[in-house]
Amino acid sequence: MADVKKIATRDSYGNALVECYPDFPNMVVLDADLAAATKTGTFKKAYPERHVDCGIAESNMIGIAAGMAAAGMIPFASSFAMFAAGRAFEQVRNSVGYPHLNVKIGATHAGISVGEDGATHQCNEDIALMRAIPGMVVINPSDDVEARAAVRAALEYVGPVYLRFGRLAVPVINDKPDYKFEIGKGVTLRDGKDITIVASGLPVSEALTAAEELAAEGIDARVINIHTIKPIDQELIAKAAAETGKIVTVEEHSIIGGLGDAVCEAIRENPVPVYKIGVNDEFGHSGPAVKLIEMYGLTAPNIKATVKKVLGK
Amino acid sequence: MDVKQLKITACNVRKGIIEGVHSAKAGHPGGSLSAADIFTYLYFQEMNIDPANPKMEDRDRFVLSKGHTAPGLYSALANRGYFPVEELKTLRQIGSRLQGHPDMKGTPGVDMSSGSLGQGISAACGMAKAAKLMNKDYRVYTLMGDGEIEEGQVWEAAMFAAHNKLDNLVVIVDNNNLQIDGAISDVMSPYPIDEKFQAFGFEVVHCDAHDFDSIAAAFNYARTVKGKPTAIVAKSVKGKGVSFMENQVGWHGKAPNDAEYEQAMSELNAQLAELEG
Chain L
61 MADVKKIATR DSYGNALVEC YPDFPNMVVL DADLAAATKT GTFKKAYPER
111 HVDCGIAESN MIGIAAGMAA AGMIPFASSF AMFAAGRAFE QVRNSVGYPH
161 LNVKIGATHA GISVGEDGAT HQCNEDIALM RAIPGMVVIN PSDDVEARAA
211 VRAALEYVGP VYLRFGRLAV PVINDKPDYK FEIGKGVTLR DGKDITIVAS
261 GLPVSEALTA AEELAAEGID ARVINIHTIK PIDQELIAKA AAETGKIVTV
311 EEHSIIGGLG DAVCEAIREN PVPVYKIGVN DEFGHSGPAV KLIEMYGLTA
361 PNIKATVKKV LGK
Chain B
39 MDVKQLKITA CNVRKGIIEG VHSAKAGHPG GSLSAADIFT YLYFQEMNID
89 PANPKMEDRD RFVLSKGHTA PGLYSALANR GYFPVEELKT LRQIGSRLQG
139 HPDMKGTPGV DMSSGSLGQG ISAACGMAKA AKLMNKDYRV YTLMGDGEIE
189 EGQVWEAAMF AAHNKLDNLV VIVDNNNLQI DGAISDVMSP YPIDEKFQAF
239 GFEVVHCDAH DFDSIAAAFN YARTVKGKPT AIVAKSVKGK GVSFMENQVG
289 WHGKAPNDAE YEQAMSELNA QLAELEG
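Protein chains in written order, with my numbering: chain L, 61 to 373; chain B, 39 to 315.
The hints are simulated quantities; they were obtained by calculation from the structure and are not laboratory data. Hints are not guaranteed to be accurate.
Per the computed footprint, the stretches of chain B lying under chain L, defined by three or more beta-carbons under 8 Å from a beta-carbon of chain L, are [to be verified]:
no., segment
1, 137-144
2, 161-169
3, 229-242
This one's a predicted model, so the numbers in the text were calculated from it and none came from an experiment. Where a beta carbon is used, it is the ideal one built from N, C-alpha and C, also for glycine.
Looking at chain L on its own, in the form it has when it is part of the complex:
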């Protein structure tokens, strides 16, 4: 996979905003002094009159977005996941979630792949926080194609949406003519009968690689990409649980409250064993993103090893 095209989903976010604006004239893009990093700078360059920099004041930015939405606009409030979901949690809950306003939160630099900035900026709790808010849609795209489709889908949907993007360039895996994005619908990337690997965001491509290598060893693993963590595709996951009997989840997030827990909730009436790969109740570290991903086990070799261990092979 050495020559595979790689794009960071934060770049996809900035590009998608530019692509979508002509179709959504009520759009406005907000940032909190991070336009160069969140890539809303791309939008700012194209449509400066619709880019509002709120300065280093994320709590206020979420309130500004709420007021704009109440006045009929479609704001994208952008910052790092740590500050959009973390610092401004209560503003998102009370000013956006409770009134169910049409605010889109574009959270970049999610998870440990932030890299060198370290633990203070590596948000591994945002999915847990955001999906606890009633009525909040939570989307965690796996690549460029999905991220751009997610931005458009969020614009077409009326209500609050949390979009999670990454800093690190990730392989483009959904570049297929029949690719279709639907909020709340998981995607079976590979069929299989022995076990199901459910992944979301950055490690989806690693899960696919793992499954391909496992196939060579006679293990038939199903791979499901859950881009929408809330509302989760309960039907698809329950079916996979019933048909394969075991699930491994892979997420660039704490195993507390993230994808793994959402999968457990989805199958709670007919449970099967669920093994969670993710950040195991600890803070991150400084270091190159690729090394950190290895360290936290979000790679094909670790997914492979986990599957084999679960299957006793």
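Based on these hints, arrange chain B on the given structure of chain L.
Chain B only, in chain L's frame:
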């Protein structure tokens, strides 16, 4: 509406506050009463609104940043005709449209959900900025508590308002000088309030929150201000209009019992009779 009629209306708004809070056996009468004349002026004189069409696109907007004084907002809305005055008695009850703090999804005339202090002003700034972006000429008003401005987010929003030259925004500070734990000057003084807003780039004007000529002068002045937002520091008396509640911090968030209710209503009815006489 002339001053006499505004005074009569404000008295009815105060009666609605007492009705609601007494019926709920909970709520915040003190700050609702201190702002009763401001609520009245906004909904009966100042704002371009239509109770028959609460979502009118180009209406002026009001955000109750000090959301706990919802009884005052609800009473003004009911008296203005958004919903029956009788409904004020359902305040804080299960199934009521009148939640403990304003809920824009359920209550006609409520432009923004609020209640967590410091957040309403940001939403008001968002609405005012949206008007600028969409070339609309509506105005946005937000009412804040003087204790509320201890929240840091208020000053983030103030910076935003001035930076974006939101001259369609009026921030009213209900300066009754009391918060739950005591006098604001003792708990965590936000004084000098006027100089702080000035330093943040606001035009600042003072008014007597219980004198309609003074209130009118402040709001009329705000309409002449261009290129920056206006803050009105409205000097008020917490619990205004009910003798035993006036300037008593204990009435911040407490409902009157039956005897206290009777006394409050008889005082307000006497004021009403005098005004109407």
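We went through each hint and held it up to the structure:
no. : hint    : in the structure
1   : 137-144 : holds (count 3)
2   : 161-169 : holds (count 9)
3   : 229-242 : violated (count 0)
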